[in-house]
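Note that the protein sequences, when read in sequence, are chains G and E. The C-terminal residue of the first sequence carries number 330 in the working numbering, and the numbering is unbroken. The C-terminal residue of the second sequence carries number 1333 in the working numbering, and the numbering is unbroken.
I should point out that these hints are in silico values taken from the structure, not numbers from a laboratory.
Not the full set, but computed from the structure, chain G residues with beta-carbon under 10 Å of chain E:
1. 42
2. 158
3. 160
4. 186
5. 188
6. 190
7. 191
8. 262
9. 266
10. 276
Pairs of lysine to aspartate or glutamate residues, derived as EDC-like cross-links and limited to a Cα-Cα distance of at most 16 Å, are as follows:
11. G/274 - E/1155
12. G/202 - G/35
13. E/1134 - E/1124
14. E/1051 - E/1104
15. E/1255 - G/262
16. G/112 - G/131
17. E/1185 - E/1086
18. E/1209 - G/267
19. E/1280 - G/262
20. E/1051 - E/1086
21. E/1022 - E/1077
22. E/1048 - E/1249
23. E/1278 - G/262
24. E/1284 - G/144
25. E/1048 - E/1017
26. E/1185 - E/1053
27. E/1185 - E/1104
28. E/1134 - E/1104
29. E/1209 - G/268
30. G/274 - G/294
31. E/1284 - E/1060
Not close to chain E: a few residues of chain G, all C-beta gaps over 12 Å, as computed:
32. 9
33. 51
34. 108
35. 311
Keep in mind it's a predicted model, so treat the numbers as computed, not measured. Glycine residues also receive a C-beta, built at the ideal position from the N, C-alpha and C atoms.
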Amino acid sequence: MKELLRVENLSVDFQKEKGFIRAIDNISFEVYPGETVCIVGESGSGKSVTSLSIMRLLEYENGKIANGEILFNDQNLVEMSQEQMRQVRGNDISIIFQEPMTALNPVFTIGKQLIESIVSHKHVPKKVAWEQACELLALVGINDVNVRMKQYPHELSGGMRQRVMIAIALACNPKLLIADEPTTALDVTIESQILTLLNDLKNKVHMSIVLITHDMGVAAEVADRIVVMYAGKIVEQGTVYQIFDEPTHPYTKGLLQSIPNESGPREERLYSIKGNIPSLSQLPAGCRFHPRCEYATEQCKKSEPDLVVGNNRKVACWNFERVINDKVEQ
Amino acid sequence: MENLPINQMNNREVLLEGRNVKKYFPIKEGLLSRNQKFVKAVDDVSLKIYKGETFSLVGESGSGKSTLGRVLLRLYDLTSGSISFDGVDITSIKPKKMRNIRKEMQVIYQDPFSSLNPRMKISDIIGEPLEINKIAEGVEKHNRIVELMELVGLDPTRMNHYPHEFSGGQRQRIGIARAIALNPKFILADEAVSALDVSVQAQVVNLLKDLQQKLGLTYLFIAHGLNIVRHISDRVGVMYLGNLVEVGEVEELYKRPAHPYTSALISTNPTPNPRSTKEKVILKGEIPSPSNPPSGCRFHTRCPFATDRCKNETPELVALSNSRSVACHYPLV
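With these hints in hand, go ahead and build the complete structure from the sequences.
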């Protein structure tokens, strides 16, 4: 199958007072039609910057693409003008953010905001747009659509607002939906409603989803494939089963081990990765994870490993074979 | 097997107890604020926290768990009910006396960025409680700060640095050092690890457990991360819309929840296992507004098992066994 989105050797810089900071460094991954790819990582890993680059929203945040290509259906988004990008956004690729309150305009009704995005992309009469908007709200599981259409964002709860955001994002049948921490601000009972909705929608409208999250639990529930990022680099990439069954990068392994069990006997002490996440302006030499890594060798301090095929997936570690062999001990 | 924990329970000393605690916040409405309504943030909650244990409160936003924590520490005045700490009734104690008791009860907050004064050095932040309570000065104070920093895993040579020079996890350690500076008996950890990254969260959780053993602390741990709660707690209280709906020992409660809300909460917690076959209880709707809670059982609007009785009759929190209480007409166990 041909990929829908292909990110090739992408690097992004941000302008800071003291020159540039490289927020993501030479990352490559692809998304196939109809699949969900989760980008997981902690703060500063570059996962949100990746989503902003695909939407070409970086320019509004003081960032720029320094290198690389973003191919969407063979069109290079990096070379497009913002004018051309406006056609891609909404029509082909949509995005939803973490905080649905700030993403909706507080002074317009839900209906007006939905109709606006339908009319501006599809050029249909308002009456048709109203009907389509009602259908979209029903699709995302909102009842009493005629009442909801006339309400303002503050009259809706957090989960409801996120449903409206998803409806707006789906207005023009995008082929790719980017969801940047869509459930982080929501309570667990609501989170599971939204995750179920995203899974259902993916099958109903046949789109691909790139979901960005810090929560391995969320990734386990929705992902087909997982991209693990650390300090601006992709460290491991594989199917959801590969990542959870046999994590091959020491960071992925550590991340999974630091989550307490949900059932079974309780651990006395939690496994924890030593040290802290490095600041992007003071990255360690060699492999970025080496000061925190229990497998680190001299080689790791000196040279940075590339993302290469190992253990049937892609991994950026000099010592991944030792990591796999180590598995037996736990 | 059943007998041992029960005996232990009965012999254990209660450190903090709330009886029928209510906390209502007024909302003013209408011309000249004539129609006064209330947000019933905590409505008739009774609970006991035993010495040396970790008691966790879980629930969704708006359930009143943070408000309850603050009321128990008398950071808010309560609307009605009573609270006793270490055998002393602190419900309407004079502020001056309360200040003495506060030494024994400390708080660690969620956000390590806004809970530390950015213009104070670390040594001043940790040393401030010692100074205010006239416990140590000069060299003695300096030594105590060094000791505290070592205890929480910070490098004491960095005591003259400012908060912005530390990462989120390290700042949370500073907050913990400040909280234990006065040798308290009781610590309220209000979402203390929720804002931290997973790899750092585990470090801080381990630190809290170590300190509990070393210093004999009692924790009230407020959190929404259910995996962390299971790891750290001895007992758990589940809150919904200002009510305590279930209390029990952690493993038993996770394995066999008695309240339908507890069961939904645990079943929807994302499991870090793609092969999980856990059946999810997806609740309809969202938590109603605490200013206008539903009649009868407050959960009946979302409960899959609700009957007419639930709409009209409010269930009391009653004991199912020695270690478990539930407020439901039709408990699941």
